[in-house]
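Add chain B to chain A, keeping to what the hints say.
There are 2 protein chains.
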Amino acid sequence: MSISLKPYIGSRDFYPDEMRFRSWMFSVQRKICSSYGYGEYSTPILEPLELYAAKSSEEIVSDQLYRFTDRGDREVAIRPELTPSLARIVSARAKELPVPIRMFNIGNFMRYERPGRGRLREFYQLNVDLIGSASASADVEIVSMGAEILKGYGAKNQDFLIRISDRRLMSSYFSDLSSDSLRKLGRLLDKKEKISPEDFQKELLQVKDDKTFSEKVDSFLSLDLEGAFNLSEQEKLDSDAVMHLRQVISDLEKLGFADCLKFDPAIMRGFDYYTGLIFEIYDTHPENRRALFGGGRYDKLMGLFGKHDLPAVGFGMGDVTLENFLKIHELIHEDTQNSAGIYLTLFSKEMMDHNMKIAALLRAGGLEVETSLEPTKKLGRQFEIAEKKNRKFAVVIGEDEILNKMIRIKNLQTGEQKDVSEDDMVSVLREGF
Amino acid sequence: MSISLKPYIGSRDFYPDEMRFRSWMFSVQRKICSSYGYGEYSTPILEPLELYAAKSSEEIVSDQLYRFTDRGDREVAIRPELTPSLARIVSARAKELPVPIRMFNIGNFMRYERPGRGRLREFYQLNVDLIGSASASADVEIVSMGAEILKGYGAKNQDFLIRISDRRLMSSYFSDLSSDSLRKLGRLLDKKEKISPEDFQKELLQVKDDKTFSEKVDSFLSLDLEGAFNLSEQEKLDSDAVMHLRQVISDLEKLGFADCLKFDPAIMRGFDYYTGLIFEIYDTHPENRRALFGGGRYDKLMGLFGKHDLPAVGFGMGDVTLENFLKIHELIHEDTQNSAGIYLTLFSKEMMDHNMKIAALLRAGGLEVETSLEPTKKLGRQFEIAEKKNRKFAVVIGEDEILNKMIRIKNLQTGEQKDVSEDDMVSVLREGF
Chain A
0 MSISLKPYIG
10 SRDFYPDEMR
20 FRSWMFSVQR
30 KICSSYGYGE
40 YSTPILEPLE
50 LYAAKSSEEI
60 VSDQLYRFTD
70 RGDREVAIRP
80 ELTPSLARIV
90 SARAKELPVP
100 IRMFNIGNFM
110 RYERPGRGRL
120 REFYQLNVDL
130 IGSASASADV
140 EIVSMGAEIL
150 KGYGAKNQDF
160 LIRISDRRLM
170 SSYFSDLSSD
180 SLRKLGRLLD
190 KKEKISPEDF
200 QKELLQVKDD
210 KTFSEKVDSF
220 LSLDLEGAFN
230 LSEQEKLDSD
240 AVMHLRQVIS
250 DLEKLGFADC
260 LKFDPAIMRG
270 FDYYTGLIFE
280 IYDTHPENRR
290 ALFGGGRYDK
300 LMGLFGKHDL
310 PAVGFGMGDV
320 TLENFLKIHE
330 LIHEDTQNSA
340 GIYLTLFSKE
350 MMDHNMKIAA
360 LLRAGGLEVE
370 TSLEPTKKLG
380 RQFEIAEKKN
390 RKFAVVIGED
400 EILNKMIRIK
410 NLQTGEQKDV
420 SEDDMVSVLR
430 EGF
Chain B
0 MSISLKPYIG
10 SRDFYPDEMR
20 FRSWMFSVQR
30 KICSSYGYGE
40 YSTPILEPLE
50 LYAAKSSEEI
60 VSDQLYRFTD
70 RGDREVAIRP
80 ELTPSLARIV
90 SARAKELPVP
100 IRMFNIGNFM
110 RYERPGRGRL
120 REFYQLNVDL
130 IGSASASADV
140 EIVSMGAEIL
150 KGYGAKNQDF
160 LIRISDRRLM
170 SSYFSDLSSD
180 SLRKLGRLLD
190 KKEKISPEDF
200 QKELLQVKDD
210 KTFSEKVDSF
220 LSLDLEGAFN
230 LSEQEKLDSD
240 AVMHLRQVIS
250 DLEKLGFADC
260 LKFDPAIMRG
270 FDYYTGLIFE
280 IYDTHPENRR
290 ALFGGGRYDK
300 LMGLFGKHDL
310 PAVGFGMGDV
320 TLENFLKIHE
330 LIHEDTQNSA
340 GIYLTLFSKE
350 MMDHNMKIAA
360 LLRAGGLEVE
370 TSLEPTKKLG
380 RQFEIAEKKN
390 RKFAVVIGED
400 EILNKMIRIK
410 NLQTGEQKDV
420 SEDDMVSVLR
430 EGF
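Residue numbers (numbering that gives the first Met the number 0), protein chains in the order written: chain A, 0 to 432; chain B, 0 to 432.
So that you can see chain A by itself, here it is in the shape it has in the complex (with noise of 0.2 angstroms):
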């Protein structure tokens, strides 16, 4: 039987070469997240199938869960997105944990897509959220990080654009409109830029079947800042949603982000159960305009956990666009890529054990340090697997070393060698040459 070699399809293999640049990927958002205070948690890969049929987005739920029974006849799925998990464990210890709660996750997750460009079956994403707090301060901390977790992998302002919105916005504006043809509208807004304006127009018609509707809609995606803040004093817009959203905006200016910041009223985000903020940071690489990722506020999803309500705000970043993204700005660290440790030749059997008493004292000094298991007294061919394998250096140790307690350490970029005694040789390969 041949099996095919595969991975299942849109899921990736990541090797080692692939697995150094996803670490350093994940590592700059742990030491980002743990410099706001957030701790970081982990939830499990299967949820009951209940947890995603009440909060997750329609389409997450009917189309693109990973569902089935399970042994006992518990219906389950593999976790298409983290919020619910987070609403559920937050829920079960709320008199525990001291509000606001700071918490981030890094974890795989898993939709029926149809795999293309920044889009997979299986994918990592870190997720950040701050419960407790309804606060503009809480939403300033939520976007930021979002923008300094981008600026910690070397991107500057100008690569990237945050859009900011409300919720409420919205739904204020177009106060006519059932919840129904509302969700609609907000879906319809969410694809508008994926569809062409003929199909637009027509779905608009289909929310609303009025010919003023479509100017009613442009003139809402058109507004700014000032507009807004105008038709919230004749109460034409939510103005708690107004004055907070300038609030945030103000403090982000404050924060450095006056440059790459915009007010707009377009943006939606997928899922249903933001209540109030929402953002999303746009890359603004010609070849790349497309969301990176976004967030939003959900103060109402802890509540269906029949608790008590409590604020919250997050957001969500895909390993997928990120890699996009950091690839197309060439914001690649360069440990991702250069060759490290060292590679401990072997020149007969008999020096086996004298290999492995330096080899333990290398690790023992911090270095990585892989040992050749097959004897050769061809050196240029063990020079070669050093190279193949990337390592920086090499060592060689023969009877002469031996008898003067030395070894020589051959750097495979340079080509220079060096003889160094047992004494010096950590802090010599420490440092480099």
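It is possible that some hints are incorrect.
You can't tell identical chains apart in this list, so a pair holds if it fits in one copy or across any two.
[Said to hold, decoys possible] Once the Cα atoms are required to be at most 27 angstroms apart in a straight line, the calculated DSS-like pairs of lysine-lysine come out as: (1) K253 x K376; (2) K235 x K190; (3) K326 x K261; (4) K155 x K356; (5) K356 x K253; (6) K356 x K150.
Because the hints were derived from the structure by calculation, they are not lab data.
Using the frame of chain A, we list chain B on its own:
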């Protein structure tokens, strides 16, 4: 509708406290594996069912696999173990990867088991594998890495016992048995300690209905290394296996494991794919005598993918038994429990801008800063929150402090307070007091 707040049966939620512990466990594993030059890799959570149908143990496939049919009518399974995925990805790049291939993975796995002590349905596991060398040195490296990881947590040799054997011993000693009976005997020996002596004798007769068989099994189980060597000279035991085992044991003794190493023909390891060396690391703590983890050599697995055979050896170390080991031996790193980071109090709303500036400076200095979002003049209440959040320091900034470019730092454990200039605050907080 009321949704359960508990995680799926047999799986766990890791809140930040538990996650700190888990991250520490994994970080020690990563450190040791890297020091031996192993590269981290990762594979998908889902694999085609056929990958396990051919490769895993029968028990896993028929009773423990989480399997289902996806929306595209593919039979898939959540991975119950890693080795088949490893064989797949190594076979896929067999030509490019320079042998010996040294790789490790830390991932989650699912098996439908009855949850109990040391056994869950979703567990995490370190997998370490060395592929492309059949030498005793390869086995020595793998076994010693397992022990070195325990020592990396602070364990002493007396805390564990390495039990070591070779699959070929049993098959050569019982060369009159069919391969099917051999497999049955292996499974029976594997569970010997879990069943009554009467049941063991009863099942022995099912393997071979011969009264002398029980004695033969007894004499096999009581073999020591010298006895094995003598039998191999009489061609009653596979002499390659015995010589290989003697070499491995002798090398491990030289590496400092003489006092925690035992040849033990009774160990079997569950997986059918082992072909040579097998080992288990046992906990010697009187209250936790049990196998912690183990591994072995599987030289035929790679060949099942239709490519050439590649000798391989490795082990898997599950997080549940490891956590039990660390806790019972009190090997918990203090960083996983100590308070850490800074809680920045907020005196009044007007001071938020200044607070955000200070927080940014402290974060840029590498410090963890959680800020208060709700202003209050009641400092006592803010200190309480900071303590509940297990922070080490609270920082207070009032109008005087702003004027004098100072901050006030309170050590929440000692109660000691210090006024420090903004210029010095990073260094003072990094050093602590």
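Evaluation of the provided hints:
{"no.": "1", "hint": "K253 x K376", "in the structure": "between (66 angstroms within a copy, 24 angstroms between copies)"}
{"no.": "2", "hint": "K235 x K190", "in the structure": "within (25 angstroms within a copy, 74 angstroms between copies)"}
{"no.": "3", "hint": "K326 x K261", "in the structure": "within (25 angstroms within a copy, 52 angstroms between copies)"}
{"no.": "4", "hint": "K155 x K356", "in the structure": "between (48 angstroms within a copy, 19 angstroms between copies)"}
{"no.": "5", "hint": "K356 x K253", "in the structure": "between (58 angstroms within a copy, 9 angstroms between copies)"}
{"no.": "6", "hint": "K356 x K150", "in the structure": "between (44 angstroms within a copy, 17 angstroms between copies)"}
When the structure is compared with the earlier hints, no violation turns up for any of them.
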